[in-house]
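Here's the letter readout for the chains.
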Amino acid sequence: MKKTKLKLAILASVAIAAILSGCANSGPETSKEVNVYSARHYEVDKQAYIDFEEKTGIKVNIIEGKAPELLERMKREGADTQADLFITADMGNIYQAIDGDMTQELTSKILNENIPEKLRGENNEWIALTKRARVIVYDKEKVNPNSLSTYAALTDNEWKGKLLVRGADSVYNQSLLASFIATEGEEYAKMWAQGIVDNLARDPKGNDRDQVKAIAAGEGLVTLVNTYYLGQMLNSADPEEVKAAQKVGIFFPENTHVNISGMVLSKYSANKANAILLAEYLTSVKVQEAYTAQNYEYPANKNVEPSELLKTWGELKPQDLDLSDLGRNNKKAVELFARAAWK
Amino acid sequence: MLKRKPGFYGIASTIIAILLIFPFGDLILQLFQKPNENWMEIKEFLLRDYIGNTLILVFFTALFSLLIGTTLAWLISAYDFPLRKFFRWALILPLAIPSYILAYTYASMSSYTGVVQVTLRSWLGTGLDQRYFNIMSMPGAIFILSISLMPYIYMILRAFMEGQSASLIESGRMLGKSHLGIFFKVVVPVSRAALVAGTSLVVLEVLSDYGVASYFGIQTFSTAIFRSWFSLGDIDSAIRLAAILMVFVLALLFLEKILRGRRSYSMSNTKHRPLSRKELKGPMAFLATSYAGIILLLGFLIPVGQLIYWAVLTYKDTLGNEAWILGLNTLGIAVISAIIILVFGIIIANYARLKNNLLSKIYSKISLLGYSIPGAVVAITMILFFIHLDRWLAPLYRIILPGAPALVLSMSLVLLVSAYVLRFLAVGFQSIDGGFERIGRKYHDASKMLGHGEASTFFRVDLPMLKPALLSGFSLVCIDIIKELPLALILRPFNFNTLATKVFDYANDERIPEASVHSLLIVLIVAIGILILNKTLDKEKNNEHKN
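Read top to bottom, the protein sequences are chains A and B.
With my numbering applied, the first sequence has no gaps in its numbers, which climb one by one up to 1467 at the end.
With my numbering applied, the second sequence has no gaps in its numbers, which climb one by one up to 624 at the end.
Misleading hints may appear alongside valid ones.
What the hints assert, rightly or not - One side only, chain A facing chain B, incomplete, derived with CB under 7 Å:
#1 1178
#2 1181
#3 1182
#4 1185
#5 1189
#6 1365
#7 1371
To be verified - Pairs of lysine-lysine residues, derived as DSS-like cross-links and limited to a Cα-Cα distance of at most 27 Å, are as follows:
#8 A/1367 <-> B/393
#9 A/1314 <-> A/1286
#10 A/1410 <-> B/393
#11 A/1467 <-> B/442
#12 A/1170 <-> B/120
#13 B/120 <-> A/1329
#14 B/355 <-> B/616
#15 A/1242 <-> A/1456
#16 B/525 <-> B/432
#17 B/111 <-> A/1199
#18 B/442 <-> B/432
#19 A/1391 <-> A/1170
#20 B/438 <-> B/519
#21 A/1456 <-> B/111
#22 A/1329 <-> A/1170
#23 A/1441 <-> A/1286
#24 B/120 <-> A/1455
#25 A/1456 <-> B/120
#26 B/438 <-> A/1314
#27 B/111 <-> A/1455
#28 A/1410 <-> A/1183
By construction, these hints were calculated from the structure, which means they are not laboratory data.
Predicted model only: the values in this text are computed from it and were never measured.
Ideal Cβ positions, reconstructed from N, Cα and C, are used throughout, including at glycine.
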């Protein structure tokens, strides 16, 4: 019997400790902390949180995860959520938080100074952290960049059997198509998706890096990739990845599709002041420079230049659209992909 | 027969069963709502694919892991050949690599920039047709899952053959049966229960696999549930898919019971002679060693070698002090959850043994439910449940600590531990149930007859005999939890990370080489666990033989 009592005692103390740790994490009056739900898991981000803690003494508590799962969690927690900031890549995800009425205005003088209006939502319901360009990537040996022009031109007959793309599940592709729906209309977007599918060299599969590798392997000539993946590959610890990335060129089409990673302030944030301080810090020159230098993303802060590597790729001429449309048209885009049999 | 009032086990089992079923309340209620448009579309266009792909994946994975697992177990327990002793424990090692890590690793290795193609290119000096290197496909997924799940069958069967079937196999030999004859006419029928138990473990693992299928782009039930829930925000369809999956699993478990049968081949004796092994010579010995060697290479040595190579390239950037904290977090949560699971498992399994009525059978089945549902569904189920629970308990929190927030349990480790208990109770229960089955109830009844109470009987009679089963259950649960990904990912409280979530962080950013250090730490911890388990079980068995 002694053994069971001991076990029970251990279990009970573990349970109490766990509960207390839950409490301790969330005392509302000790507002020396800020709670972040983040779908960005980069080292730069973590370093930024550490620096922020040192600078301000405000503890940053983080739950990381995939965006849709964090969103679902926030939705379920409703008014009781302890999340202050939700940080994620892709406008589609940000839009869901706004559409689900989980956000409030994220405004401050500094934020408005750092981030241009186009990279903030209406009433500052979202704030961009970085820009990400989805560009045309081609085989340097076999493709003359002069033969490339627009996303639409990829549906021409000359590319039959030569295109590579990622699956329709990729939110990057969904946002790309959503941007066409917003700028050119649904009919155009539908034709475009169909045209791409007709020109494919193989069924869509793999992630962004796999598309680059497939070009290096000669499976196709042209693909669509987010630029920071190329930056990561060129700086990879694996020498073979570097070699593969060196075989491809980057082409910025007219009206390049630009998505963002960004943040929203939870509607029920209990540490609003701290959340704004953190948001301001993440848009500061120091952190924005780290985003572009170490993570190869385009900075959202208008006073920060893209890193040298990014500049060598050429100049970004982004689409002109309300970024919220990427989120608004996401469902439609998923549907159009399905209808075009884009796997 | 000793008639008793509803005893401790009955009451405790009922409470546990209710705790296990309760979180699913929301899901079950949802099922009775009118289906939405999206569901109609899924039913009409996609369901057939989901079912087809899932069946193909399950069938071939089960088939190949059965083939590999049984032949290896048979070789190791019935024959002597070079390196047999080494292979005997080493062949369990593939279990140490989580299947999603195996998938990342093999996919990277066979990709254009991977070691396979790079080497071939430098030999042949030409480009290669990528079609031959397409591991991210259905056959690839079957390969990954078979090789990583095979040890379940190997382990269960080897233990059975070494311990139980000696006399029957030896009789077969004396009657002049051939190797194959003994294998098919004696070993397979006698070890049917063990085979079925191992196979059903494999099937359940495949059904709930998300990592491999989603990485390889295969539409299974599990990935479809994720997609409906998270990409389309359609909980309703996700729940319907999960429900279909659960029905499927229940049917399977029912089938298992039938296949296992109640016939036992006189195993109530705890004393067993070890099987005397036949020595293989010449080409046969070479074949046996090569076969075991190839499986070990594919399932463990090659992927681990690749991980080590990547780790050498990347450790400067990825191995920090944090790795220790992650390791301790991982171990701590696994041990706590495993202890709770064992307590629950003992109660339910003992109730089933002592009563063996309809209710106890239902409880046993309930304990298996969580294992059959994809991790992410368990995760969301637990979030929903704990948020409800927290809101209900909020007044109490405020009495204890004025101004306390409403969400306390759901923001603490209690949430994650509960989810692990729900998800992996089946693993612990199966071990304990198997242990009780071997013991039978003769000793228990004798002890009761001699005037010992239920508790005293349990601690003095049952528990000592149950020790090997408890140990193996404990290790298996820990191994599963250390490898587990989606639950840890979705349910971790603030600032709590494990090795697996760290691996995911890197892999999700398509940085596979950077994920290698933490992957290796998982493999190392699990491998040590496996080896300790193996040693302890062997010791236990030797003691039995001596007695």
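Hint by hint, here is what the structure shows:
Violation of the interface hint for residue 1178 of chain A is found here, the shortest Cβ-Cβ separation to chain B being roughly 16 Å, above the 7 Å cut-off. About 16 Å separates the beta-carbon of residue 1181 of chain A from the nearest beta-carbon of chain B, more than 7 Å, and the hint is not met. A hinted interface residue such as residue 1182 of chain A counts as satisfied when its beta carbon comes closer than 7 Å to some beta carbon of chain B; here the least separation is about 14 Å, so the hint is violated. Because the beta carbon of residue 1185 of chain A sits about 4 Å from the nearest beta carbon in chain B, less than 7 Å, this interface hint is met.
For residue 1189 of chain A, the shortest C-beta to C-beta distance to chain B is roughly 6 Å, which falls under 7 Å, so the interface hint holds. Hint status for residue 1365 of chain A relative to chain B: holds, with the closest Cβ pair at about 5 Å, below 7 Å. Annotation: interface hint on residue 1371 of chain A violated; nearest CB of chain B at approximately 10 Å, more than 7 Å. Using a Cα cut-off of 27 Å, the hinted pair residue 1367 of chain A and residue 393 of chain B holds, with the two alpha carbons roughly 22 Å apart.
Distance hint between residue 1314 of chain A and residue 1286 of chain A is fulfilled; the C-alpha atoms sit about 20 Å from each other, no more than 27 Å. With a CA separation close to 24 Å, the supplied pair residue 1410 of chain A and residue 393 of chain B stays within the 27 Å bound. Distance hint between residue 1467 of chain A and residue 442 of chain B is unfulfilled; the C-alpha atoms sit about 38 Å from each other, more than 27 Å. About 43 Å separates the Cα atoms of residue 1170 of chain A and residue 120 of chain B, which puts this hinted pair outside 27 Å; it is violated.
For the suggested pair residue 120 of chain B and residue 1329 of chain A, the alpha carbons sit about 24 Å apart, so the restraint of at most 27 Å is met. At most 27 Å may separate the alpha-carbon atoms for a hinted pair to count; residue 355 of chain B and residue 616 of chain B meet this at roughly 23 Å. Proposed proximity of residue 1242 of chain A and residue 1456 of chain A is supported: the alpha carbons are some 23 Å apart, at most 27 Å. Straight-line distance between C-alpha atoms of residue 525 of chain B and residue 432 of chain B comes to about 15 Å, which keeps the hinted pair within the 27 Å bound.
In summary, the hint linking residue 111 of chain B to residue 1199 of chain A is supported, as the alpha carbons are separated by about 22 Å, within the 27 Å threshold. Distance restraint check for residue 442 of chain B and residue 432 of chain B: the Cα-Cα separation of roughly 15 Å lies within the 27 Å cut-off, and the hinted pair is therefore satisfied. As the CA atoms of residue 1391 of chain A and residue 1170 of chain A are separated by approximately 24 Å, the hinted pair is consistent with the 27 Å bound. The suggested pairing of residue 438 of chain B with residue 519 of chain B holds, with an alpha-carbon distance near 20 Å, which does not exceed 27 Å.
For the given pair, residue 1456 of chain A sits about 24 Å from residue 111 of chain B by alpha-carbon distance, which is consistent with the 27 Å threshold. As the CA atoms of residue 1329 of chain A and residue 1170 of chain A are separated by approximately 31 Å, the hinted pair breaks the 27 Å bound. Using a Cα cut-off of 27 Å, the hinted pair residue 1441 of chain A and residue 1286 of chain A holds, with the two alpha carbons roughly 25 Å apart. For the hint linking residue 120 of chain B to residue 1455 of chain A, the alpha-carbon distance of about 19 Å falls within 27 Å, and the restraint holds.
This hinted pair checks out: residue 1456 of chain A and residue 120 of chain B have alpha carbons roughly 20 Å apart, not beyond 27 Å. Taken as a hint, the residue 438 of chain B and residue 1314 of chain A pair is broken in the structure, with Cα atoms around 55 Å apart against an allowance of 27 Å. Only pairs whose Cα atoms come within 27 Å are accepted, and residue 111 of chain B paired with residue 1455 of chain A is accepted, the gap being roughly 22 Å. Distance check on the hinted pair: residue 1410 of chain A and residue 1183 of chain A sit about 19 Å apart at the alpha-carbon level, within 27 Å; holds.
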